[in-house]
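Novice: Here's the letter readout for the chains.
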Amino acid sequence: NAGVTQTPKFRILKIGQSMTLQCTQDMNHNYMYWYRQDPGMGLKLIYYSVGAGITDKGEVPNGYNVSRSTTEDFPLRLELAAPSQTSVYFCASSSGTGVTPQHFGDGTRLSIL
Amino acid sequence: EDQVTQSPEALRLQEGESSSLNCSYTVSGLRGLFWYRQDPGKGPEFLFTLYSAGEEKEKERLKATLTKKESFLHITAPKPEDSATYLCAVQSILNYNQGGKLIFGQGTELSVKP
Chain S
4 NAGVTQTPKF RILKIGQSMT LQCTQDMNHN YMYWYRQDPG MGLKLIYYSV
54 GAGITDKGEV PNGYNVSRST TEDFPLRLEL AAPSQTSVYF CASSSGTGVT
104 PQHFGDGTRL SIL
Chain X
38 EDQVTQSPEA LRLQEGESSS LNCSYTVSGL RGLFWYRQDP GKGPEFLFTL
88 YSAGEEKEKE RLKATLTKKE SFLHITAPKP EDSATYLCAV QSILNYNQGG
138 KLIFGQGTEL SVKP
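Residue numbers (our numbering), protein chains in the order written: chain S, 4 to 116; chain X, 38 to 151.
Some hints could be false.
[Stated by the list, open to error] Calculated lysine-lysine pairs in the DSSO-like style (CA-CA distance at most 30 angstroms, straight line): (1) Lys60(S) - Lys116(X); (2) Lys106(X) - Lys60(S); (3) Lys94(X) - Lys12(S); (4) Lys79(X) - Lys17(S); (5) Lys100(X) - Lys60(S).
Since the hints were derived computationally from the structure, they do not count as laboratory data.
Quantities reported herein were computed from a predicted structural model and do not represent experimental measurements.
Please work from the sequences and hints to get the whole structure.
Specialist: The following block contains the structure:
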C-alpha cells in the first residue's frame, strides 16, 4: 500500500521559473492538503480540497495554485518561483469522515536560487 | 485565533530517562488533537488522536493525555529509536467544517542517547 506519493523528492529552481509538485494517493480519500514546512515554523496549510473539482485556500496560498481533477491526484503549481518559496512541501490526505487523521507523503524539498 | 505551542523546542535524554513533551492549545471548540512523529527526511507519521479532556492513549513507550488546555506526550524508558521530532496538531469545530484543517505546533525535537 503506497499511501501518499510525492514527486519529485528534491528540486532546485531558478528565480522566476515555474514547476508542478505532484501528489497522488491510493487510499480513495476525498480530502487532500498541501503544506509547507520551514525550520522552527511548523506546518502551514497552503491549499486543500474536499473532493474532485473543489479546492480552497489555506493560511499561505499566495504564489501557488492547485487543481483537483481526480480523487487520486492533487498537484501544486508554483508560478514565478521566489526565494521565499524555498521550503519542504508535504501533501496529505484523509477520508474526511469524522475526526480522522491526515496521512502524509515524504515531501518535496525545493530550493529556489 | 486557533494556536498551538509545543515545549520544549528540543529535548535530549539518556536511554531509559523518562520525560514528557507539552502541547498547549487555544481553539474555538476542540474536535480532536493529533500527535505525529516525524523522522528526518520523512513526512509526519500519525500516532494518536485525542478527543476530550481526560482521555489517554498508549502505544509502546508513548502515552498521550489531554486536558482542556494542553496535551502531554509521556515517553517512558525511551530508546535511541524514539529519537524524532514530535508534532502536535488541533482540529477545531470551525476547521472541521472547513475541510478538516489542522493547526500544527512547531514540534519538539527529541534526541535519545545510548
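Novice: Hint compliance check: list the failing hint numbers for this structure, sorted ascending.
Specialist: As far as the earlier hints go, 1, 3 and 5 are violated by this structure, in ascending order.
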